[in-house]
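All chains should be modelled from the sequences, with the hints used to inform the complete structure.
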Amino acid sequence: MNATARRRALDLLFQLLAMLILCLALGSLAALVATVWSDGADRLSWDFLTGFPSRRAEDAGIWHALAGSMFVILTTGGLAVPIGVASAIYLEEYGTRSLSARIIEFNITNLAAVPSIIYGLLGLWLFVRVMAMGRSVLAGASTLALLVLPVVILSTREALRAVPSSIRESSYALGATKWQTVWHQVLPVALPGILTGVILALSRAIGETAPLISIGALTFVAFAPDSLWSPFTVLPIQIFNWVSRPQLAFQANAAAAILVLLALLLTMNAAAIWLRDRYQKKLV
Amino acid sequence: MSRDATATRPPSLAAIAARGGPPPAIDRPVKIQAEGLNFYYGGTRALEDISIRIHSNVVTAFIGPSGCGKSTFLRTLNRMNDIIPGTCAEGKVLVDGVDIYKPGVDVVELRRRVGMVFQKSNPFPKSVFDNVAYGLRINGMAGSHSELAARVEESLRQAALWDEVKDRLHDSALAMSGGQQQRLCIARALAVRPDILLMDEPASALDPIATQRIEELVYDLKTTYTILIVTHNMQQAARVSDYTAFFWLGRLIEYDRTEKMFTAPAETLTEDYVTGRFG
Ligand SMILES: Nc1ncnc2c1ncn2[C@@H]1O[C@H](COP(=O)(O)OP(=O)(O)OP(=O)(O)O)[C@@H](O)[C@H]1O
Ligand SMILES: [Mg+2]
Numbered sequence: 424m425n426a427t428a429r430r431r432a433l434d435l436l437f438q439l440l441a442m443l444i445l446c447l448a449l450g451s452l453a454a455l456v457a458t459v460w461s462d463g464a465d466r467l468s469w470d471f472l473t474g475f476p477s478r479r480a481e482d483a484g485i486w487h488a489l490a491g492s493m494f495v496i497l498t499t500g501g502l503a504v505p506i507g508v509a510s511a512i513y514l515e516e517y518g519t520r521s522l523s524a525r526i527i528e529f530n531i532t533n534l535a536a537v538p539s540i541i542y543g544l545l546g547l548w549l550f551v552r553v554m555a556m557g558r559s560v561l562a563g564a565s566t567l568a569l570l571v572l573p574v575v576i577l578s579t580r581e582a583l584r585a586v587p588s589s590i591r592e593s594s595y596a597l598g599a600t601k602w603q604t605v606w607h608q609v610l611p612v613a614l615p616g617i618l619t620g621v622i623l624a625l626s627r628a629i630g631e632t633a634p635l636i637s638i639g640a641l642t643f644v645a646f647a648p649d650s651l652w653s654p655f656t657v658l659p660i661q662i663f664n665w666v667s668r669p670q671l672a673f674q675a676n677a678a679a680a681i682l683v684l685l686a687l688l689l690t691m692n693a694a695a696i697w698l699r700d701r702y703q704k705k706l707v
Numbered sequence: 015m016s017r018d019a020t021a022t023r024p025p026s027l028a029a030i031a032a033r034g035g036p037p038p039a040i041d042r043p044v045k046i047q048a049e050g051l052n053f054y055y056g057g058t059r060a061l062e063d064i065s066i067r068i069h070s071n072v073v074t075a076f077i078g079p080s081g082c083g084k085s086t087f088l089r090t091l092n093r094m095n096d097i098i099p100g101t102c103a104e105g106k107v108l109v110d111g112v113d114i115y116k117p118g119v120d121v122v123e124l125r126r127r128v129g130m131v132f133q134k135s136n137p138f139p140k141s142v143f144d145n146v147a148y149g150l151r152i153n154g155m156a157g158s159h160s161e162l163a164a165r166v167e168e169s170l171r172q173a174a175l176w177d178e179v180k181d182r183l184h185d186s187a188l189a190m191s192g193g194q195q196q197r198l199c200i201a202r203a204l205a206v207r208p209d210i211l212l213m214d215e216p217a218s219a220l221d222p223i224a225t226q227r228i229e230e231l232v233y234d235l236k237t238t239y240t241i242l243i244v245t246h247n248m249q250q251a252a253r254v255s256d257y258t259a260f261f262w263l264g265r266l267i268e269y270d271r272t273e274k275m276f277t278a279p280a281e282t283l284t285e286d287y288v289t290g291r292f293g
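Quick mapping for you: the protein sequence lines, in order, are chains F and D. Just so we're on the same page, the working numbering is the position in the first sequence counted from 1, plus 423. Just so we're on the same page, the working numbering is the position in the second sequence counted from 1, plus 14.
Treat each hint with caution, since some may be false.
[Stated by the list, open to error] Think about it this way: if two alpha-carbon atoms lie no more than 30 angstroms apart in a straight line, the pair counts; the simulated DSS-like pairs of lysine-lysine are:
1. 134/D / 601/F
2. 274/D / 106/D
3. 116/D / 601/F
4. 134/D / 106/D
5. 106/D / 601/F
6. 180/D / 134/D
7. 134/D / 236/D
[Unchecked claim] If you anchor each label on the Cβ, the simulated ranges turn out as follows:
8. 430/F / 178/D: 50 to 58 angstroms
9. 600/F / 110/D: 19 to 27 angstroms
10. 185/D / 690/F: 29 to 37 angstroms
11. 703/F / 168/D: 29 to 37 angstroms
12. 529/F / 118/D: 34 to 42 angstroms
13. 185/D / 584/F: 26 to 34 angstroms
Hints listed in this document are in silico derivations from the structure and should not be mistaken for laboratory results. Because the structure is a prediction, the values reported are computed rather than measured. Glycine is no exception: its CB is placed at the ideal position from the N, C-alpha and C atoms.
Next up, the structure:
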């Protein structure tokens with residue numbers, strides 16, 4: 424076999440291997456979704472979405488957990504996005520050259536890899552106890568905000584870094600201050616990237632269970648939260664709760680709740696893509 | 015024709031220093047003056063002991079082979095090099111008699127007064143209108159919307175672009191042709207009414223017609239502005255400028271009236287360059 428033929432064969436082999444791995448990954452995911460669907464699809468109904476917990480599985484709904492998840496995530500975003508974006512702007516546009524900024528950046532990268540349960544323990548101590556927020560939406564959202572903050576900062580930094588320096592230069596050359604340059608020129612260009620990062624970070628937060636359990640959100644809550652100070656539960660915890668019951672009917676409820684959570688995640692990711700495309704179109 | 019290798023050796027530093035002193039005879043006041051200006055990118059020196067006096071309301075052309083420091087010199091005049099980390103300027107640059115590297119100088123105001131058109135055209139990813147209006151807005155130079163619109167129109171007319179874009183002011187600037195984008199960048203720079211305009215090869219990417227437009231524009235603008243223009247095109251330098259400065263390896267080799275530079279330069283190096291023997 425000559426060299427060219429061997430190269431072609433290797434190329435083909437690699438392609439096949441890559442396809443196989445992709446099929447394996449997608450296949451197991453599909454199998455998972457299919458099982459969940461066959462277990463839980465029958466339970467999906469308007470009553471299920473808007474109902475409250477009940478001792479009888481067939482009467483139980485998830486409105487309290489769905490509303491809890493959405494409320495907690497919105498609050499998490501409200502806390503993490505301004506702080507994270509502002510930190511990234513500081514690090515990227517103002518403090519890049521200083522040693523302290525470099526040390527901070529190194530630590531943020533490490534923080535992004537810390538297991539979420541550690542954030543839960545920190546939240547339990549800091550928010551629930553020291554700051555006396557109790558087991559409220561605010562405490563849960565603050566904990567999750569800490570958890571996603573490194574991801575928001577890092578993805579915002581990436582987005583800012585991708586803005587061509589010629590844009591900054593031409594703004595400065597017209598007599599713009601640093602802040603005017605960042606606000607009017609850099610941020611609008613970086614926005615799609617920032618939004619994508621934020622939504623991906625929030626999709627991670629919406630599936631988190633461990634940190635919320637460690638701040639004590641596993642207690643029985645039978646109503647939707649109506650203020651930042653209300654106790655709450657979220658979908659993953661409700662799922663965890665139902666899965667741990669022996670009755671088959673509750674397993675079906677859990678499967679249905681998983682489908683709802685998946686739908687929520689897909690919606691958020693779709694929103695990320697839609698927002699990104701919309702802003703990119705506006706720019707070009 | 016073979017030339018002796020020594021012909022391209024630079025003149026002695028003493029000769030250069032002597033020439034940097036007295037400016038060519040002229041009746042216009044000095045607008046920009048550099049004295050012993052050195053500029054460093056990290057450890058490498060890109061400008062070496064530049065001394066020059068540039069007169070108000072004339073066009074001064076900067077010529078020289080690629081990499082000789084023309085852009086770097088222009089960018090020291092509005093302190094655009096400050097943005098590049100690890101750079102450092104030594105010596106003095108006086109604009110209207112004030113040393114712009116002195117501590118306490120308002121760099122933001124300096125950059126408004128010393129406008130710049132970059133080597134690569136770089137419109138903002140916004141509409142044509144917003145590109146020109148941006149400088150006016152951030153400098154608080156237009157009170158009402160009608161005033162803003164009037165000044166945007168005026169600047170676009172000055173840059174000979176108005177007729178081409180008046181019906182598409184709200185289209186993206188990136189959808190315009192390269193030459194239109196370059197004129198948009200000129201309009202954007204003119205809008206904030208600088209008194210000095212630095213133009214770094216404003217016509218390098220343009221066709222002959224667009225180039226001619228820009229040259230006419232430069233000619234018209236010199237009544238109100240002091241213009242410094244970098245060009246690789248000798249004919250263009252000869253056509254548009256009153257004075258010409260020749261840079262070579264970070265040094266100012268010769269600076270004189272344009273006619274003299276192109277007909278009877280004092281240095282062989284200049285002669286070799288303007289006649290196209292190297293560079
Ligand atoms: N940002 C930078 N960092 C480091 N060195 C630089 C930088 N910009 C320019 N230089 C160096 O400084 C020297 C002068 O560059 P400059 O851009 O001023 O040349 P120029 O005369 O404008 O050339 P051209 O005609 O190709 O535009 C070159 O040797 C270049 O490599
Ligand atoms: Mg250049």
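Checked hints:
1. Straight-line distance between C-alpha atoms of residue 134/D and residue 601/F comes to about 22 angstroms, which keeps the hinted pair within the 30 angstroms bound.
2. In summary, the hint linking residue 274/D to residue 106/D is supported, as the alpha carbons are separated by about 28 angstroms, within the 30 angstroms threshold.
3. Under the criterion of a C-alpha separation no larger than 30 angstroms, the hint pairing residue 116/D with residue 601/F is consistent with the structure, at around 20 angstroms.
4. Taking the CA atoms of residue 134/D and residue 106/D, the gap is near 28 angstroms; set against the 30 angstroms cutoff, the hint holds.
5. With a C-alpha separation of about 25 angstroms, the suggested pair residue 106/D and residue 601/F falls inside the 30 angstroms cut-off, and the hint holds.
6. The suggested pairing of residue 180/D with residue 134/D holds, with an alpha-carbon distance near 24 angstroms, which does not exceed 30 angstroms.
7. Distance hint between residue 134/D and residue 236/D is fulfilled; the C-alpha atoms sit about 22 angstroms from each other, no more than 30 angstroms.
8. The beta-carbon spacing between residue 430/F and residue 178/D, approximately 52 angstroms, falls within the hinted interval of 50 to 58 angstroms.
9. At about 22 angstroms, the CB distance of residue 600/F to residue 110/D agrees with the hint of 19 to 27 angstroms.
10. The hinted range of 29 to 37 angstroms is satisfied by residue 185/D and residue 690/F, whose Cβ atoms lie roughly 34 angstroms apart.
11. For the pair residue 703/F and residue 168/D, the beta carbons lie near 33 angstroms from each other, so the given range of 29 to 37 angstroms is met.
12. As the Cβ distance of residue 529/F to residue 118/D is approximately 35 angstroms, the hint placing it in 34 to 42 angstroms holds.
13. For residue 185/D and residue 584/F, the Cβ-Cβ distance of about 29 angstroms falls inside the hinted range of 26 to 34 angstroms, so the restraint holds.
The structure is consistent with each of the numbered hints, conforming to all of them.
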